[in-house]
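Protein sequence lines, in the order shown, are assigned to chains A and B. Heads up: the first sequence begins at 1 in the working numbering, then just goes up one per residue. Heads up: the second sequence begins at 1 in the working numbering, then just goes up one per residue.
Hints were generated in silico from the structure; no laboratory data involved. There's no promise every hint is true.
Cut-off 25 Å, straight-line C-alpha distance, at most; resulting in silico cross-link-like pairs (DMTMM-like, lysine to aspartate or glutamate) [claimed, not checked]: (1) Lys46(B) / Asp12(A); (2) Lys46(B) / Glu186(B); (3) Lys46(B) / Glu316(A); (4) Lys46(B) / Glu208(A); (5) Lys46(B) / Glu290(A); (6) Lys46(B) / Asp21(B); (7) Lys46(B) / Glu188(B); (8) Lys46(B) / Asp262(A).
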Amino acid sequence: MVRVLDERGELDPASPPAPPDSELRYFYLWMLTVRTIDGRMMHLQRQGRIAFYGPITGQEATVVGSVAALGPQDWVFPALREYPAALMRGMPLSHLVHQCYGTALDVVRGRQMPCHYSSPAAHYVAMSSCIGTQVPHAVGAAMAARIRGEDTVAMAYMGDGATSEPDVHAALNFAGVYRAPVVLFCQNNGWAITVPVERQTAASRLVERAEAYGMPGVRVDGNDVLAVHRVTLQAVERARSGGGPTFIEAVTYRMLGHTTSDDPSRYRDPAEVEAWRGRDPLLRMRRFLEARGLWGDEEEAALLARVQAALNAAIEAAEAAPRPPLESLFDDVYAEPTPELERQLAEARGAGSREGAHG
Amino acid sequence: MATLNLLQAVNDALFTEMRRDERVVVFGEDVARAGGVFRTTDGLLKEFGEARVFDTPLAESGIIGIGVGMALYGLRPVAEIQFLDFIYPGFDQIVNEAAKMRYRSGGQFTCPMVIRAPYGGGIRGGHYHSQSTEAYFAHTSGLKVVIPSTPADAKGLLAASIRDPDPVIFLEPKHLYRSARGEVPEGEHVEPLGRARLVRRGEHVTLVAWGAMVPVCERSAEEAATEGVQVEVLDLRSLVPLDVDALLASVARTGRLVVVHEAARTAGFGAEVSALVAERAIEYLEAPIYRVTGYDTPFPFALENDYLPTPARVLDAVRQAVRY
Ligand SMILES: Cc1ncc(C[n+]2csc(CCOP(=O)(O)OP(=O)(O)O)c2C)c(N)n1
Ligand SMILES: [Mg+2]
């Protein structure tokens, strides 16, 4: 397993030099930002202000380190736990908050459950709840980029559970056969809701898939942002230079419940959770930065205040925003509504539905 | 009799049938150790052990495919799909394998399995935790499609589905899991498939529904009664086999039909119900047939309550039918 920073935040002396200071700070800044957003959104859900939330707490390094390895032209095909990709690549925080509230100002018009973001500007493709379905899309997009003579790389994220889905097998196989410029990035967080990864495969490591599909594979400490960044950078460069796909297994841990609908204490050993708490990706990076004089309490407090202020503003706006208009229910089913949809919209306008909507 | 909610009734049926018949096995994502994300399989692992109750990898085609194999080999598999929305990786195994095994082998091989799945809206689940796509399955010859709306029926119909010699898609209205409560017979309780339940008698209009739309229709019927309109409510309970006799008899009594379903209107099962009545009972009709349904859009999140038929929308249709 590739690792650069150990749990005390000390650099492996055998490793190549660390990235420049600004980049190191950038990694930590995003990890802390994301943890803060998660904490706040979880709280909003518990207060009944949003319907649902899927946290990534504990997995910040896998996402931030891998996303940072992408170029602006590259595309991201996310699963549930990759929203930092959208933010890091330019989606405003307000979009995230409006989406979770499902307001009229949500760019996807309140159509999806919370956490299902979409951002063309960030090349972050609208997410489906259906596990694994995005992975063949990434392979197809990568093939399309090559057909069009562009050097775009597609990044497919998936969970450990997703690797059991036939769509994912097909995607890995196609990626191998066509040597598609794609990175197949698996966040192995140990669990698929209540099912441990040992139930997903009898192989000892998910990364062994890579060999079976004829592509390089690498297993990395997912709580080590520097290691994740390094291996992803190599995979992206390989893809971009015509070297084909790479499968990355990032070993990490889902510190909280699967989503707000889940109580992990029902099925997880508290000792396991405690052991992983000691491997916290933020703590490790913070120690490393502090030792180099790159971060301290002052920077930490300033960042937290900035993120909370941005969240406050976004939440206030979302709570003041109207809900989406009835018409938005009928838009975007097709480019042009069918006559029947138009008829149904007229019916919906007149129906008891509006009065009954809240009763 | 015990008072149970629908979720507990499903659990009770699984316990009862597993105790009665050791060929019954239960499996799916999160069903064993955790007892299911909705807790419908709670306690089964403890009583029946890992050989008969097990968590599977995250792969619906695998879940349904091994179910077909187990059924071929003499077990009575009960496969859980976590949400109906996630059944589609296994669609091929359902439509081309489970549904056709008996026919393609001239009756030599059969597939007595049950695929249970929570379905329907009302839980703020957006596109992928809310859909009602019973029509896909009802359209496939060889499958039975069963949808309870009360705890007693959940138990009795699930038991009948498990004992049935053919594959059954058993859809559980998740919106009613906790809200539907009622008396449930203790011990073995079997409710034969293919018989509708007359929920309420009335002489003016027949409301036909299934699953979570049944209580919506009951509320409309109560409201209509205050306006002097007596509404009959028929819970189909199984779409395949369909109790056509009960449907036609009710329409013959009332002369008016409103069909209510959550699914999108176009090619929804309401179209089949309407066509049957038009073909076989048109002489009794005193008004056009009305459908109150979800719209022909994906299932929404924020506007869920605009999409789903409400008592008010159903009442609108009842009034139109009466005034026609
Ligand atoms: C096709 C499909 N089947 C089942 C589900 C229900 N479900 C949602 S998340 C999940 C587990 C996903 O596990 P994993 O891929 O490891 O991702 P993680 O949640 O751990 O990030 C399941 C079973 C689903 N969303 N889609
Ligand atoms: Mg996982």
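We went through each hint and held it up to the structure:
no.	hint	verdict
1	Lys46(B) / Asp12(A)	violated (47 Å)
2	Lys46(B) / Glu186(B)	holds (21 Å)
3	Lys46(B) / Glu316(A)	violated (48 Å)
4	Lys46(B) / Glu208(A)	violated (34 Å)
5	Lys46(B) / Glu290(A)	violated (50 Å)
6	Lys46(B) / Asp21(B)	holds (17 Å)
7	Lys46(B) / Glu188(B)	holds (21 Å)
8	Lys46(B) / Asp262(A)	holds (21 Å)
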